[in-house]
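If you want the building blocks of each chain, they are given just below.
2 protein chains.
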Amino acid sequence: MAEPIFRRLALLGIGLIGSSVARIVRERGDIAAELVANARTQSTLDRVMQLGIADRVELDPARAVEGADCVMLCAPVGAYEALAAAIAPHLAPGAILTDVGSTKQSVIRDVGPLVPAGVHFVPAHPVAGTEYSGPDAGFTTLFQGRWCLLTPPAGTDETAVEKIAELWRRCGSMVEAMEPAHHDRVLAIVSHLPHLIAFTICGTADDLEGESRQQVLQFAASGFRDFTRIAASDPVMWRDVFLNNREALLEMLQRFMEDAQAMARAVRWGDATYIEDRILRGRVIRRSLIEMKQA
Amino acid sequence: MAEPIFRRLALLGIGLIGSSVARIVRERGDIAAELVANARTQSTLDRVMQLGIADRVELDPARAVEGADCVMLCAPVGAYEALAAAIAPHLAPGAILTDVGSTKQSVIRDVGPLVPAGVHFVPAHPVAGTEYSGPDAGFTTLFQGRWCLLTPPAGTDETAVEKIAELWRRCGSMVEAMEPAHHDRVLAIVSHLPHLIAFTICGTADDLEGESRQQVLQFAASGFRDFTRIAASDPVMWRDVFLNNREALLEMLQRFMEDAQAMARAVRWGDATYIEDRILRGRVIRRSLIEMKQA
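Same order as they appear, the protein sequences are chains A and B.
Sequential numbering from 590 applies to the first sequence in the working numbering.
Sequential numbering from 590 applies to the second sequence in the working numbering.
Just chain A, same shape as in the assembly (with noise of 0.2 Å):
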């Protein structure tokens, strides 16, 4: 087996992702030689006992880090600003810091500013999820084949990138660095755009009168039911996403709204050879995905 990357790593947070990363480092034993675990709530940290995931919980996230070469943010990216400022006065020199956010810029704001001479900030966003949340969710192959994005900020010590980067490779991820910008343009379009209308149209649905409300429950199949798994996931997380990655995902919306304008007027106008010719790009994305082997 090869050395660990790390002596001690402080997961602080620890629920699809971050429990999932906790029971890669337990199974594979080449991660970190120790782990921490934090969250906000002591129910939380005795279930991670319970699961048998972490060495040692903390509930004060300033006493999590104490020590660990390795911290890693995996709360939601709204509570980015207060964790950084609770932890930053008891980061070890030579640490590293690094997340899993799926914003990037708004990170590098909050958290950028907070870290202490010595420390190095990796941001890093596994691009992997599902629609459970929680430390039972988690599990050891959730980032088998996925992407996980580094945004370094320009200067960043490069061991400090290579290691993070191995621990991404190690929990099974293929990793490619990238500018924060484009990161949070990119994941507006594929992430966070079809989050934010799955959350939106099931919520249309929901406000129907009551018969037509039951009866979409009830023949729920073909479209919706896609809808309403995506929908189904983390609130808080994805509130923090919306509200943190503003500026590329109401231009992606915008776009979107405009497209979804054309298709109506369409629609309403009877123009079969628009409607068709947009139902065939759709196509197009499809076969490139299945070819790139990624539906």
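Worth flagging that the hints you see were computed from the coordinates, not collected in a lab.
Here a beta-carbon is modelled for each residue, glycine too, at the ideal position from N, C-alpha and C.
Please note: incorrect hints may appear among the correct ones.
As the list claims (entries may be wrong) - Some but not every residue of chain B turned toward chain A, in silico, with C-beta under 10 Å: (1) V708; (2) E751; (3) I778; (4) I819; (5) F831; (6) L869; (7) I874; (8) L878.
With the hints as your guide, set chain B onto chain A.
Quick look at chain B alone, frame taken from chain A:
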């Protein structure tokens, strides 16, 4: 084995739905004693014979329906009017004419006036499907546990309605009668709007400039992928559905757009409470679905 319901069943169109019905008819033996398939092209009919899922194929719909005591329209709903006009003079007295279209008011509008006296017209909609199409796409369990909605016009012969209900029960469906306008409204939100949205967002992504578009494909996991699956569905079928459920689809799309605009506004102004509330609505719907075992 029970007596077959029909002596001869003619399927006009043999794609995902038609070929699934054909496979079930062949497998069970208690739905129709003889099965005739019609399609628009000889190559589709050749494939049907290769697959061995019909007793006889006919390129001319008028010949296909001759002597059949049940005729089922399984083509895109936009083709119904011309099909009905072509077969009307050749329908056997006492025969049942039914269909599988996703829109029901348009079917009654287009086909109803062409049905000869003495022929029973029983519009039906099996609410089931996949993103695949064509005679190879069908399978015998497609309708298992799914609803089939019947929308017979007032005064339709009850024996005819019961025969079609029994046909679908033998296909594995749960059968329910519904008022056509109400059907179109409910399906607009559970199926037609989700498809329109999925096609649209795939088009929006396809319109992005070079590098971003490439990365949409690369990072399609979590969210976007589910939309591309829906968007892979048959273009002609869906074009026809949109054009033939115009009023209800435009109303639901309008409601959805208002809700999406409200979400955009909440994101722009940082209204965390509103966003979280709307996300939670989606989860309620999902939970109800799981309780109803429709998820």
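Unmet hints by their number, sorted upward, for this structure: 1, 2
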